[in-house]
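Using the sequences provided together with the hints, build the complete structure.
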Amino acid sequence: MSMPRQLCTFVVDGLFFGVDVKHVQEVIRSQPMTRVPLAPRVVRGLINLRGQIVTAIDLRRRLELPERADEQRPMNIVVRAGDGVVSLVVDDIGEVVDVEDGSFECPPETLQGVARQLIPGAYKLTDRLLLVLDTERAVALDGDAS
Amino acid sequence: MSELDEVVREFLVESHEGLDQLDRDLVTLEQCPRDRDLLAGVFRCIHTIKGTCGFLGFSRLEAVSHVGESLLSLLRDGVLVLTPEITSALLQLVDAIRQILAGIETTGQEADADYTALVELLTRLQSPDESPAAALATTVAAEGRGSAVSDTNIRVDVGLLDKLMNLVGELVLARNQILQYTATHQDSAFAATSQRLNLITTELQEGVMKTRMQSIGNIWGRLPRIVRDLATACGKQVAIEMEGKETELDKTVIEAIKDPLTHIVRNSVDHGLELPAVRVAAGKPAEGRLVLRAFHEGGQVNLEICDDGAGINVERVREKAVERGLVSAEQAARMSEREVHHLIFLPGFSTAETVNNISGRGVGMDVVRTNIEKIGGTVDVQSVAGEGTTLRIKIPLTLAIIPALTITAAGDRYAIPQVNLLELVRLEGEDARTGIEMIYDAPVYRLRGRLLPLTHLSRELQVGDGRAAADGAVNIVVLRADDRAFGLIVDEINDTEEIVVKPLGQQLKGIPIFAGATIMADGRVALILDVLALAQRARIVTEGRDRSQLEAAPGESTAVRGGERQTLLVLGLGDDRRLAIPLSLVARLEELPRASLETAGSHEVVQYRGEILPLLRLSQLLDIPSKVDPGSPLQVVVYAEGGHQTGLVVDCIVDIVEEAITLQRPIRRGDLIGSAVIQQRVTDLLDVQSLVRRAYPGWADAVALREVVA
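Residue numbers (this note's numbering), protein chains in the order written: chain A, 1 to 146; chain P, 1 to 710.
The hints are simulated quantities; they were obtained by calculation from the structure and are not laboratory data. Positions of the beta carbon are idealized from the N, C-alpha and C atoms, including for glycine. Some hints here could point you the wrong way.
Per the computed footprint, the stretches of chain P lying under chain A, defined by three or more beta-carbons under 8 Å from a beta-carbon of chain A, are [stated by the list, open to error]:
no., segment
1, 507-517
2, 522-530
Dumping the calculated BS3-like pairs for lysine-lysine here, alpha-carbon to alpha-carbon at most 30 Å [unchecked claim]:
no., chain 1, residue 1, chain 2, residue 2
3, P, K251, P, K320
4, A, K22, P, K509
5, P, K502, A, K22
6, P, K320, A, K22
Below, the structure written as structure tokens:
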């Protein structure tokens, strides 16, 4: 009997994403952000998470999607990645969804570019596709991310 | 690393401590081979290790320590007398045990090394072929005397202390936020409570910092052994002296300073001190002296490593630097002696004729310097040919909580570590428009007649064009990087405060200009600037550091040699009087609004950091009429002694200088020790201690009492 996997879901530019709940530390509202000059553009800034300084990565910029409208208040998903925690800045938070291994499928060859690196596959839900985000890769910023 | 049994871990920790002690004791024993207490201690340590490893099943270690124990028991009972040969063998034994322990620590079991040669050596030394020791009887063993220290001490995991330190950091931030909130509310009960919170937090912070403090003696402890081995290997005689062993530093700083310090000491023995024959020929005692000194000064720790060796050979350093292409022959010829001394810190510099296993492997003083600067320290060298060399290191007490200046650029706040800060300059009105001049496209400012290169913070950070602030004034933060001063133009200068340094995430490690981040009183995050990286980015100092060396301040090379260099705070009083006091006696410099003056008893006081600070007007005490505008803020030098503080009100703070002072008129007049020429001006040296004692007759008793209680 395969254990159902639980994904914390969120929306970025109309796309429906999920990350394993085991990696998620907490979800918080829009936070005052301190910008970091000279940093890669995907770094939105630094937030104060109860005394801990957390780097916030804008998933729209990371996934090379259009910028969020100014009036839209983003949300932060704080995930454990690498040896620290990082905040993923997303448009909106969804529910926690149970998924079965059977409904998983790798992305088609037509998926290209940065999305191919960060999205290992999708779960076929009844009404829509749930894209899985590779958090480790999403927070690893090497040359190409800037 | 494999999971270690708790018992084994305990054994490893205890054994390592014991072995460190052994290193020290064995070297001491060489001086007084008949010290029964020491011998008994050495014997007990090896005995304990042998016993425990037998119990834990480490047979190889047991076998090696067993022969050592037998040899030691003969020494302890006076059958044998310690000879240099035996000492060397015992030190080898200590090394072998360390090696085995290291193996156990990584793999969980003993490695397959061969120690038969050592065992044979130790066995051979047990046969008393030479003179059996005289004193057989005196059996005054120190066995029964338990250690009083160990009863009041417990062992605490460093990880736990780090966690506590972090929590205190959080508390400090929460306290700052509450204090800011208090300022906007008129509730007296709330104000009183937060004031108490303030005091408790400060004390807690100090207390936790203290738990992480270790005396410098902890790392000095291994040096006699290193020096002995090295001296034996080079055929030199070296006596090592230590002053200020009890000087305390944060554990992280201690760790960071360990390798640079060892490197310097090795250098001194290898390059600095001469062979006995050479020394005798030069009229010096055959035995070289190596002095290590540690003391606190101005919120920093000073470390000095002095040898009475040959000193730096200026000509040879010049030749080598030219040979290695570090400077041109013409540059080298123009350099002053002091500038040449500093060449030893350049990467790729070595004067060692041959590469040996002691030093001269290309890992040189530049690495020492880089490592010291990484933790916010500085290193300086002074040398007199034929008389010796002194290396002076200044390092911060702790890395976790540091005083910093906060400034604003393009709407964001940044923190600048106070160690890099020299002074603040504000240009207003006409000065703001004309004060900054251009040399081609490089802005400069004339600071006391010298050109100060300038850079705009917002331009360096690419967040704005760095145009002057709204009121038209220009704020220049004068900083020091790599012996060079430069001015950083910022929009606004905010405040100085203690900040908690927090690391940046992996994603931002590639931006050297930020040393970390901190949380401000309002809960927002502010980035901490790395001044050296900033200066490099702005090309104030080049990464190879060569230029900065060559253009070192011209005044420095003419400094009076002979006098001790010290750091002095220069004060201005009255018409044109200048006074200086050692910076080590100054706790802080403050500018206080005149409105904050209150009276308690017959004294003027101010409320200062939750305490009442009595003020002394220097102009009254020295009978020099003050020439300050009565409405301007008070310039206060906070002097602290034995937990008591007082504020000295002066007319102005002129500068902080580091100079070798020669008293021109060493005549005591009241509270003045004498006069000296500092920065081409006659300056009186003030005896603050006597001044304060004259002003407060009860001060000495109060300080003494506090010291007795503490």
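Hint-by-hint comparison with the structure:
Judged by the Cβ-Cβ criterion of 8 Å, the segment 507-517 of chain P is covered by chain A as claimed, because 6 of its residues qualify and three suffice. A count of 5 residues in the segment 522-530 of chain P with a Cβ less than 8 Å from any Cβ of chain A is obtained; the coverage claim is therefore met, three being the minimum. In summary, the hint linking K251(P) to K320(P) is not supported, as the alpha carbons are separated by about 38 Å, beyond the 30 Å threshold. Of the pairs offered as hints, the one joining K22(A) and K509(P) holds, with about 26 Å between alpha carbons and a cut-off of 30 Å not exceeded.
Only pairs whose Cα atoms come within 30 Å are accepted, and K502(P) paired with K22(A) is accepted, the gap being roughly 26 Å. Note on K320(P) and K22(A): the hinted pairing is violated, with a Cα-Cα distance of about 60 Å set against a maximum of 30 Å.
Violated hints, in rising order: 3, 6; the structure is consistent with all others.
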